[in-house]
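Listed here are the chains, written in short residue letters.
Protein chains: 6
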Amino acid sequence: MGGVVVQDIPRASSEVITGLAEAGVATVHEAQGRSGLMRPDLRPIFTGAQIAGSAVTISAPPGDNWMLHVAIEQVRPGDILVLAPTSPCTDGYFGDLLATSAKSRGCVGLIIDAGVRDVRDLTEMGFPVWSKAISAQGTVKETLGSVNVPVVCAGAAVNPGDVIVADDDGVCVVPTADAGITLKTARARIEKEAEKRKILASGTLGLDMYGMREKLAKKGLLYR
Amino acid sequence: MGGVVVQDIPRASSEVITGLAEAGVATVHEAQGRSGLMRPDLRPIFTGAQIAGSAVTISAPPGDNWMLHVAIEQVRPGDILVLAPTSPCTDGYFGDLLATSAKSRGCVGLIIDAGVRDVRDLTEMGFPVWSKAISAQGTVKETLGSVNVPVVCAGAAVNPGDVIVADDDGVCVVPTADAGITLKTARARIEKEAEKRKILASGTLGLDMYGMREKLAKKGLLYR
Amino acid sequence: MGGVVVQDIPRASSEVITGLAEAGVATVHEAQGRSGLMRPDLRPIFTGAQIAGSAVTISAPPGDNWMLHVAIEQVRPGDILVLAPTSPCTDGYFGDLLATSAKSRGCVGLIIDAGVRDVRDLTEMGFPVWSKAISAQGTVKETLGSVNVPVVCAGAAVNPGDVIVADDDGVCVVPTADAGITLKTARARIEKEAEKRKILASGTLGLDMYGMREKLAKKGLLYR
Amino acid sequence: MGGVVVQDIPRASSEVITGLAEAGVATVHEAQGRSGLMRPDLRPIFTGAQIAGSAVTISAPPGDNWMLHVAIEQVRPGDILVLAPTSPCTDGYFGDLLATSAKSRGCVGLIIDAGVRDVRDLTEMGFPVWSKAISAQGTVKETLGSVNVPVVCAGAAVNPGDVIVADDDGVCVVPTADAGITLKTARARIEKEAEKRKILASGTLGLDMYGMREKLAKKGLLYR
Amino acid sequence: MGGVVVQDIPRASSEVITGLAEAGVATVHEAQGRSGLMRPDLRPIFTGAQIAGSAVTISAPPGDNWMLHVAIEQVRPGDILVLAPTSPCTDGYFGDLLATSAKSRGCVGLIIDAGVRDVRDLTEMGFPVWSKAISAQGTVKETLGSVNVPVVCAGAAVNPGDVIVADDDGVCVVPTADAGITLKTARARIEKEAEKRKILASGTLGLDMYGMREKLAKKGLLYR
Amino acid sequence: MGGVVVQDIPRASSEVITGLAEAGVATVHEAQGRSGLMRPDLRPIFTGAQIAGSAVTISAPPGDNWMLHVAIEQVRPGDILVLAPTSPCTDGYFGDLLATSAKSRGCVGLIIDAGVRDVRDLTEMGFPVWSKAISAQGTVKETLGSVNVPVVCAGAAVNPGDVIVADDDGVCVVPTADAGITLKTARARIEKEAEKRKILASGTLGLDMYGMREKLAKKGLLYR
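Protein chains in written order, with the working numbering: chain A, 1 to 224; chain B, 1 to 224; chain C, 1 to 224; chain D, 1 to 224; chain E, 1 to 224; chain F, 1 to 224.
If we strip away everything but chain A, and leave its shape as in the complex, we get:
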C-alpha cells in the first residue's frame, strides 16, 4: 500500500530525450513497435506543447496528493512527473502552487491519470499537463503512496526513468534501455516519411506508391 521512495533511477541521455521530443508521439510509438501508448482520454490542457523527459513516477491514493510533494524533491531538470492514482479519480491533484514548485526544480511537465486545476495559470506559465480531467476538486495529504516505483498510468506500464514523450497526439512511454534504438528508428522513419509526403503531395496515390493494388485484388476487392 505504498510507502516507498526510490531516489536513484536510471535516465536516458539528454540528447536521446531531446531527439525523442522532436520526433513526437506518433513517430516514436511506431518506432518502438506500437507499444507504450497511454489511453487517448488523457488530453493536454493546452495545444502545441511537445516534450520528452524522464519519468518520476507517483502511485497515489484517490483524492490524496501528498506524494506529489515527495516526488518533486526527486525531480531533476528535464524530468516529467507521472501520477497514477490507485483507483479511478478526477480530483485536481495539481495546480499553480505545485507547478511553481515543480518548475523551479526543472520539471518540464506532468502526466496524470486524474484531474488538474488552475489550468489558466498553468497555461500562462507554459507548464504543460496531460490529464484525464480538469477539476477544481482539492485533495488531502493523509495516506502514503510511493515514488519511483513501477506504475500503470492510463493503461501503459511506466518504470521510473522511462522516457515520456507527449504532444497533441497523446502520451507514449519509451523504456530507458530502448530509448537510443527507438530514436534511431524514429529518425529513419521521419526521413522516409518526408519522401513519401512529397510523392503523395504530387498526386500519386498511396495505392500506387505502396504497390497495394495486387494485394487488394488477391483479397478479392471488387470495383463496380
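Bear in mind the hints are in silico, worked out from the structure with no lab data behind them.
What you are looking at is a predicted structure, and each value in this text was computed from that prediction instead of being measured.
Since no wrong hints were added, every one of them can be taken at face value.
The list that follows gives simulated cross-link-like pairs (lysine to aspartate or glutamate, DMTMM-like), each with its CA atoms no further than 20 Å apart:
| hint | chain 1 | residue 1 | chain 2 | residue 2 |
| --- | --- | --- | --- | --- |
| 1 | B | K215 | F | E214 |
| 2 | F | K141 | E | D208 |
| 3 | D | K103 | D | E124 |
A few chain A positions that, by computed beta-carbon distances, are all more than 10 Å from chain F:
| hint | residue |
| --- | --- |
| 4 | Q7 |
| 5 | I9 |
| 6 | P10 |
| 7 | K103 |
| 8 | G126 |
| 9 | E191 |
| 10 | K196 |
| 11 | I199 |
| 12 | T204 |
Partner residues aside, some chain A positions facing chain D, computed with beta carbon under 10 Å:
| hint | residue |
| --- | --- |
| 13 | P61 |
| 14 | D64 |
| 15 | P85 |
| 16 | P88 |
| 17 | D91 |
| 18 | A133 |
| 19 | T139 |
| 20 | V140 |
Here a beta-carbon is modelled for each residue, glycine too, at the ideal position from N, C-alpha and C.
Fit chains B, C, D, E and F to the known structure of chain A by using the hints.
Just chains B, C, D, E and F now, kept in the frame of chain A:
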C-alpha cells in the same frame, strides 16, 4: 412535474459577486470547505472566461427548452442561467438567438447540464457557456418545467439566487447566505498563496515549507 | 464483410453544397426536419472550420485503414471522406501522410467515428477532421472493407454522395435528393432568424415575440 | 469539509414507509411529480429486492469509508444508508463486515454512488445494495466526512430522514414531509393502473383507452 | 420531424423468422457478413430470451413515448418493436402497461436505444426487452415521431419489417430481402460448427484444425 | 508489434493457487497491499464463479483473435487466458468453439479487456469469463500479436504465469513470486475477519471494536 415560476429570489451583493469572480473557482471551492462543485464534464465552450452571477435556475424536460424563454424574463443584469434537465440529455437547448435575448437582459452566462449550439456565434458574442455537450440537435416547446426552484445541476444542489462562479476549472455554487464569508476566506487564501508561491518559486520544497517530513516519517515512508 | 468499391456515386451540385456550407450545421439540421445529425462526441480537431462536401463513404474494420487508401482514389475535388468502423475503435486511422494525399486529390475534410493522429500537422495544413478520438495508435492494412456503400457513421445513416455539413456544432448528413430543397429551407430560416435576432437584441422577450404566454397559461404555468 | 454528525433526524412513520416500499420506485416517482430519481447507473447487486427506509446520509471523501462506521451508530431499525462521495469514485467502501454490522443495527440496505465489494456474501446475507460499481478496491480511514447532512447522491438531493425507495427500477427519494401524500397518490395510481391493465390486456389499444386519436390528428399525424 | 405512420410493411415468412431465432445473434451476424449488429451496450433485462420478429420501427423524441401507443396498433403477432430516440435518452419509455398492451397484440419483444421500467413485472410476464438503460423516469405524450420509417437504432440501420434477432449476445438486424439466404448460410454454419466443436473437444488445436501454423510462420511468428 | 510466443513460463504451485481461489479477490487484493486489481468494468458473464490460475497472456490487435488459437496451445491444466487488446475494443474475440478448445486443454477461465460472445453456451458449459463487453461482433485472423509477454490488462500489469484470482468482485493479479506470502497473509486476514464478524454481528459497533472514537474526536468530529 414543474409548472412554477418564482419571481422573487434573493441575490448576493454585486460587490461580493465581483469578488468571487476574481477569486475563481478553485479558490472559492476551497474557501467554502470544498462543497458545491459541479461535475468536471461540464466544460466551457471557449477558454478564458471567468464569471460570477446569481443563479436563475431552470428545471426542464429532456429536449424541451420552453422554460429558457420563461427564465430569461426573470433575469436581472449580472445573472447566470442554470439549466438542469430532468433526465440526461445532450440536445442543444440554447443557441445564438437565445443568447442574444439573454444578453440583452444583462445575463452574463449559461450553465447547462445538457447541450448548446451555435458555439461559433456564442464565442464571437463573447457569451460564455459551460455545458456537457455541443450539439446542433434542436428542442421543442411543449412541456412545462419550472424556473427559480431548487435544482441539482451536474451533481451540485443549486438554489435560486445562489452565486455561480465559473472559469476554465469548472463551475462552483455558493449559497447566497455564505457568499460574504466565503469571499473573505477566499481573499485570505489568495494572500497566503501568493506568499507560498514566492517561496516555492525560489526552490524551497513543499516538504519543507509545509513541514511534512516528520509526519511522513511517522507514517512510515521509506527512502531507498 | 466488405470488399466492394463503388466508383460512380451521385453528387449534389457545387452551388448547393456551397450554400449548405454557408448555412452551417444547426440551420441545415433544422431545415431538413432535424434528421441526419451525428453523435455529439464527434468533435473537430480545431475550431473554426465550416465545410460541406459529397460523402465518399468507407466501412473499415477496427484498427485497419487500408480502405482509406482505396477511398482516396475515388475522391473528386470538394469531397469529404466519411469513415465508419465496423465496431467501436479509437485508433488513429489517418495522419499527415494520408491528409497530404487526400488534399492533393481535392478532398476538403474527414469525418471519422474513430481516431486521428498528427493533429498538429493537420491543423497547420488546415485540413479539418471531426473525430471521436485523437490517438497516435497506428493501424494495419490486412482486411478488406468497402468504399461508397451505405454506412452508419456516429449514429447517422450515410449514403455515398450525401452532402456532409460540418462545423463547430458537429456533423450533419443531407441526402443528395433533398439537398436543394434543404438549402432553400435553410436560407428562408436564416432570413427569419436575422429578423428575430434584431427583435431579441432590442430587449423584446421570446415570450412576447413568439406569443407564448397564452399557451403557457393554458398548460397551467404558475407565477409566484 | 465535513466533520459533523447530526444525531436527531426526522423520520416518516413506518406505515408510510412500508406503503412506499410496496408501491415501488416507478409508481412513487410518478406519484410525487417525477422528482427525486437517482441516476440510472446505480444498479442493484442482486435483483428482486424492493425496499424503503429513512435515509441516514453520509458525505465521504473518495476512497475513505471512515464515516460509514460513524453512520452505523446512527442507524435505527428500518433505516437505509445513503453514501455520496465528495468526488467521483468506484472504490469498494462497503463489504461483508460492514454489512454484518449494519444489519445487526436493523439497517435494511445501502445506496452508494461509488463501489461495493464482497457482493457474493452480501447476496447470501440478503443485504441489498444499489451501487455505481462493484470493486474490490479497499478504502482508508483518514479524513472526516459528515453524517446526516444534506447530500447530492447520484444526481438526487437527499436530506437526512428522507424516505428512500429502491427496487429493480432504481432508487427514488421522497422528502419526509411529502411521504404521506405521496403514498396516497401512489395508491390511487396503482388502483387506476390495475383497471387500465385489464382493459389493455383485453386488446383495447392505448390510443382508444386514452382517447389519443383526435389529439394526434390535430398535431398532423399522417397515416400512409 | 416525424409525423408519419406507414401501415403496410414487408415481412419475412414466419418459417424464416423462426429459423433465424433458433440460429441466434452470433451465427446470424456471421451469416450475413457481419453487418447489422447493434451497439453492445444494449442489454437484455433478463437472460435466456432468444427471439426473432419483424421490426415495427419507432422514431421518438427524447422523453416522449407517444409513438409507442401509435406503433402498437401496427403490431401483428410475432412482431418486435424497435424504438430509436432522436437524441440520446435513458428515460423509461416502456413499462408494464405498454407491455400488457403490446403482448395482447402478439408483440414478442422490444428493442430500445433508451430506458425501460417495471423490469420486475416485465420479467414476470416473460416479455423480453433489450435496452440501454433501466430507468423509472417517465415520459410525456406531446410531440409526434414516426412509425415504420427507416431508423438508426443503437448504431444499426433498421428498415420497417427487417428481421430483428435478439438473445444474450445482443441484437442483430437482417434486411427482409436477405432473410432467406441468411438463414440458409446460418444453418450451414451451424452444421460446420458442430463438427468443429467435436474436433476441438477432443483436444485437437485450432492451430491444426484450421491449418494455421504455416501462415503464422510466414508472418514471422517466433516461438521462444 | 508482436510476433513472439514464450513457451516456458513460471507458475505458482497448485496448492497456493487453490488457496488464493478460496480466499477470493477482495481478500487477496488486501493481502498484497492493494495492488494488481483490474478496472471494475470487467464483469463476469455469470455470477458465482470463483477461480484462480496461472496467466497465459495474450497481446492482440483490435478485432483480431488469431493469437487466442496460438495461446491455447500454451495452456496447461488450471491456467487462465488473459487477453489485452493493443487498443480499446469491444469485439467478441471468444465464443463457444474457442471455449470448447480451451476447456479441453484444461483452461479454467478467460479474462479479456474486450468482448465475448455465445455467452449462453459459455454459461451452460460453466466456462467463466470476465469481460468488458458482450458482443456478437466477430474478429479476423490476420495480424500477429504475442503470447506470454508482459501486458497491461484492464489497468493491471500482468506477467506470464502470474496468478489470476477472479470472482464476483472482479479480477486481481498476484505476481508469481509473491503468491505464497500473499496466501499466508490472506489466510491470516480471513481468520481475523471471522472474529470481527462475530463481534459486529452481536451489535458491537466498528467504532468501538476498532477503537476509533478517540481518533475521530482528535480530528474534530462534532456530534450535534
